[in-house]
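S.K.: Sequence:
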Amino acid sequence: MRQHVEPHNILVSGESGAGKTETTKILLTYLASVSTPPIDGGLGVRSNDDNAVIRQRVLESNPILEAFGNAKTTRNNNSSRFGKFIRLGFSPLSGELTGASISTYLLERVRLISQAKGERNYHIFYELVRGASAAHRAKFYLTDAPVHSFHYLHQSGCDSRTDGVDDAAQYKRTLHAMTTIGLTPQEQTNVLQLVASILHLGNVKFVKKGQDGSRVADGCPSAAIVCKLLGIGSGDFEGALCTREIIAGFEPVVTMVCVERAVHARDTLAKAIYTRVFEYLVTRINSSVAPARDAASTDLSKTASAIGIVDIFGFESFDTNSLEQLCINFANEKLQQLFGRFVFGMEQATYESEGVPWPFGEWPMANEGCLALFEARPCGLFALLDEQSRLSKGSDRTLATKLYDAFRKHSAHFTASKLDQAHGAFTIVHYAGPVTYSTRGFCDKNKDSVPHDALVALTTSSLDFVADFFDDWHPHDLPASTTPIHSTKNNRSFTGAGSNPSSFFRSSLGGGRPSLQSSTSNILSATVVLTFKMQLSSLLATLEASQSHFIRCIMPNDAMAPRTFDSKRVIHQLRCCGLVAVAQIARAGFPVRLPHATYASTYAPVLHKSMTVASTNTLHLETQVGHALDAFVVATCGPTHVRRGRTIVFLTHGALQALEAALTTCRHAAATVLQAYARLHLVRTWFLEVRRAIIVLQSHVRMWTARNKFRRLRLAVQFIQKAWVAHRAKWSARSERQLAWTRRHAAARVVQSSVRRRQACLRAAALRHALTSNQNIHDDKHSVEEPETEVHSDHDQCTHDIMLSHRVSSSDDDDDSVDDVVRLNSHHIKRDASYVVEWTGGVLGLSFDVSFSTPVVRRVHASLSDVPGLGNVHKGDRLLSINDYNIRPMDNLTSLLLDMTPPVKLLLAPWTGPVPIFSNDMVTIGLAQLVRQRSSSVLQSSEFEVLVETATFAWSPYKTASAMVPMVHSFEGDADENAGLAMLQPSDVLLQVGAVLTADIPYEEALQRVADAPRPVVLRFQVGLRQPRAGPDQVIMAWSEGSLGVEWTWDKMLHRGLEIQRIHSHGLVAHQPELRVGDVLVHINHFDTSVLGFDEATKLLTQHNPSPLHLTFQKSPAWVRQTKTIIRLAVDAMTILLEAWTTYEVWRVLAAVALYCAIYWTDEILFFPLKFF
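Sequential numbering of the sequence shown, starting at 2, is according to the working numbering.
In short, the hints are calculated from the structure, not lab data. These numbers were taken from a predicted model, which means no experiment stands behind them. Glycine included, every Cβ here is placed at the ideal spot set by N, Cα and C. A couple of the hints might just be wrong.
Below are the DSS-like pairs computed for lysine-lysine, each with C-alpha atoms no more than 27 Å apart in a straight line [to be verified]:
| # | residue 1 | residue 2 |
| --- | --- | --- |
| 1 | K173 | K206 |
| 2 | K410 | K206 |
| 3 | K209 | K173 |
Have a look at the derived ranges for each label pair, beta carbon to beta carbon [what the hints assert, rightly or not]:
| # | residue 1 | residue 2 | range |
| --- | --- | --- | --- |
| 4 | Q739 | M704 | 48 to 58 Å |
| 5 | A955 | E1097 | 26 to 36 Å |
| 6 | D885 | A765 | 50 to 60 Å |
| 7 | P904 | A955 | 30 to 40 Å |
| 8 | V837 | Q1009 | 19 to 29 Å |
| 9 | E252 | S134 | 48 to 58 Å |
| 10 | Q699 | T1136 | 46 to 56 Å |
| 11 | E1006 | W1040 | 30 to 40 Å |
| 12 | A724 | Q699 | 43 to 53 Å |
| 13 | S538 | H628 | 50 to 60 Å |
| 14 | T953 | A767 | 24 to 34 Å |
| 15 | P1074 | Q986 | 46 to 56 Å |
| 16 | S538 | Y31 | 41 to 51 Å |
| 17 | S134 | E23 | 52 to 62 Å |
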């Protein structure tokens, strides 16, 4: 701009949601940034503070325009619903931004009263309702008024944005922007008050009055609020909307209007108020950013140092298209015509600058006929629409009929089927595609007259700012000139930079109205179409008088989703924005253009060697190569496919394809030669390396073969020598060893006989001594009533009475030996006088007999205890003290023990004398939770104990071989509070309550003992009939009586359990067709046989009566059985071989055979050379 001293304009276009608004903001930010002057002299002060303020105000104007002119649509959360032309003025010397102006076009007023589904009204309404302060809420009657309470805001069912923008935060930003452009707080309040009045105006309701009249509904609070906010009387308000003044016989007559026309008048008044507010804000923005009076040019339309940005609407085609879409698409047709001329002019200028003849003449514009359909007079579409709008009896139906009659011959751009004619619709074929329009509402929208009485009431408002807003203003006042180069009387352009708020460039979808001071005929009033055509003509004149630049915004998808590209949608937008037509213009002539140097260097390989000319001058060489290439193209494609300009070579697509094909052929030939040489080099290198490696390998193999041959010969000779020496030595020593072995054997028998006699004498003496000294203890053992099946700990087993077993064995010389095993009672083992047991937590695991003067240990529950060192406690030990308290005979021992809680220190002493006779008064100590499960060897494999604290049980009788005992039917309790309860399941049998066997007492007494026993109490159970679950490849059978008919062996290879060795036909297993030899018994009830071992498992199988058992067999695959059979046979063969080797000295035979073979082959090797002599 500064170099050529001419104005520039940037046209930004695209569909809604394509990014036009954001692109415009980016352009403004960039231009404001690059126009910022440097800091002067390092002083940190800008050259002009006023221009810095202008830059800030230009950027801050965007939030205001977005709040009052943008809305959420289905395609965009911040869609601009108006067009704007922003002109930025710069200093011709420094390039600094000196001023700006904004012109607006075609504000979408219909959105104010109705919105489509999923769309919102303008942002300012939602920002006001959600972000206003408490004072403004009270002043504007918005307290406790949500968004959905207003008719104008909840018609579409959408009241929030989906891009995460907060309306309350945007409201603060809008107020800050108003302050930046110079609006005082009172002026901001006035603007917001008018916005709030529009919200309440939409809630005004009307009811029928009389036959055809209407009135404001009784008790409608919104009507009173609107009158207060606008400063007008309720009667004037109702009269302005519910009555109409007409001229009858040169006399004014007031008539009533129906409810529908009253609602229409209300909506029209709301649109007029909002249009006035929007234009007032644009005027104030232009005033705040206008160039200073001392600037080089205060009229931006006359200065050459200006850049304009046009944010215009894109081509629109919806399901239902009305007058708004007709005007927008007409504007796009005009802009497309400008764009085509611009591109066509650039093409023509390129040809002329290169000295290439222009082959096309005048380029026909594709949309000339469509534009003629709109602008023709007197029968153009806009002319007929204005005619019907000015007639008092004009209607949409009459307009449609005239359009059908006038454009019936324009079949190329205007069509209307019989179905369209029946609905008053027609179709216009635009450059971007056909669009069907509905004439319904065309005349009303073109006129859209504001009620005269309403404007009079507003100008006579009691509020000064309302009266000033609408004084001498009409929605369709035309500017003083329609060309951009003239200015107003205040020396301001029509862009709205004037100081008078009512003198600016207005545009909106509104209807004409005569001035308030003098009423003229409607025929002379301006219409929407006329105003828009004049605005568009002014904009096009400005664009044509400047250097234009075009930015096309393309929306990748309609779902507003990131990283999603809809190719069909993008192609449609490219066609709508005219880029397809640009491509057609570019392809019509010589679309391929290459500089001379690039042309020669790229396609020189195409020429044959004989065609190239050697030259020392590079420029001459390029020229010669270029001419040779031109000749090649002419010979290949023809003379019309290439033109040589001054710096560029022009080619057609056919010529380019011919050059590319020839270049590809040359490259393929060169690549073939290069590949041949490369393969030759690789193969030769590989051959040399392989030959060298083979020679080295052959030498090593020969050396290795010779060495091995020599070593074998030497080892054979050495082996024969050693074998012969060893054989002679062995035969000589064998007789000596046999004689020595005989002597040692005889001596050993004599020594063994003497030792056995001595040991038998010592055992007999010890047996007699033990029988004499422990006779009393043996008698006490039989007098104890405690049952033999009671399970004790490891130390309890040591306190049993003396157990003797006498085993007499005979030796080889028939000498008798006696092996007597004597186990003494625990009190004969030397122990300390006293010891301490620390119980810090968990289960103590001790049961005390309280029938003595001090508590005596009755049982030690090692499997339930959490106390370390419990192995020192033995049955019969006495409890002397608890912590520092010494137990006395008069103490209540039961309460003392039950009240004892950890942590405590227990002082115990061993019992001296014979084992006491215990009573049934036993107290078990164990109040804390069980920390971990412990295994004990005192319990049978099918038995377990439960330390009951709080658990409850339901019992059922169970018949055993000798008695009726309780069986668990169900139970309740916490496993953490009742140690061992986790192992319990229904069907388990109760064996013992404390120290009493349930088999020795009646069934009812056993239940009573369980209920009355002091807690905690130890219950011993036997695992009942638990039905196991079969796993994969498993078979479960129940066995209660009869013979299994199976021979078992232990699975020594996999150690899984008992393996079936043989099945007899008379057993129960033979009736299970799924079981075979080689299957493994893995579970007996819930016990794992691999853990029990062979002895315990066979014991369970032999002593199961009368309780039935559930046997779980693991089926072995056929390959496993076969593998085991092969291994067994191999082991048996090895065993037999080893026995034969040891017993029959087979190794001697094998050694003799090997020696014979060695001698034979040695003889052959040594005497082989003699055969040739």
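S.K.: Each of the hints needs a verdict: does it hold here or not?
M.R.: Hints versus structure:
1. About 32 Å separates the Cα atoms of K173 and K206, which puts this hinted pair outside 27 Å; it is violated.
2. With a C-alpha separation of about 48 Å, the suggested pairing of K410 with K206 is violated against the 27 Å cut-off.
3. This hinted pair does not check out: K209 and K173 have alpha carbons roughly 43 Å apart, beyond 27 Å.
4. One distance hint, 48 to 58 Å for the beta-carbon pair Q739 and M704, holds here, with the actual separation near 52 Å.
5. Taken as a hint, the range 26 to 36 Å holds for the pair A955 and E1097, whose Cβ atoms sit roughly 32 Å apart.
6. Checked against the given bound of 50 to 60 Å, the beta carbons of D885 and A765, roughly 53 Å apart, stay inside it.
7. Hint check: P904 to A955, Cβ distance near 36 Å, so the stated range 30 to 40 Å holds.
8. Roughly 38 Å separates the CB atoms of V837 and Q1009, a value that falls outside the hinted 19 to 29 Å.
9. Checked against the given bound of 48 to 58 Å, the beta carbons of E252 and S134, roughly 52 Å apart, stay inside it.
10. Between Q699 and T1136 the beta carbons are some 50 Å apart, a value that agrees with the proposed interval 46 to 56 Å.
11. About 33 Å separates the C-beta atoms of E1006 and W1040, a value consistent with the hinted range of 30 to 40 Å.
12. The hint said 43 to 53 Å for the Cβ distance between A724 and Q699, and at roughly 37 Å that hint is violated.
13. Evaluation of the 50 to 60 Å hint for S538 and H628 yields a pass: the beta carbon distance comes to about 51 Å.
14. Judged by the Cβ atoms, the range 24 to 34 Å given for T953 and A767 is violated: they are separated by roughly 54 Å.
15. Checked against the hint of 46 to 56 Å, the C-beta distance between P1074 and Q986 comes to roughly 31 Å, which is inconsistent with it.
16. Restraint check, S538 to Y31: a C-beta distance of roughly 30 Å breaks the suggested window 41 to 51 Å.
17. Separation of S134 from E23 is about 30 Å and departs from the stated range, judged on CB atoms against 52 to 62 Å.
Hint compliance for this structure: hints 1, 2, 3, 8, 12, 14, 15, 16, 17 are broken, all remaining hints hold.
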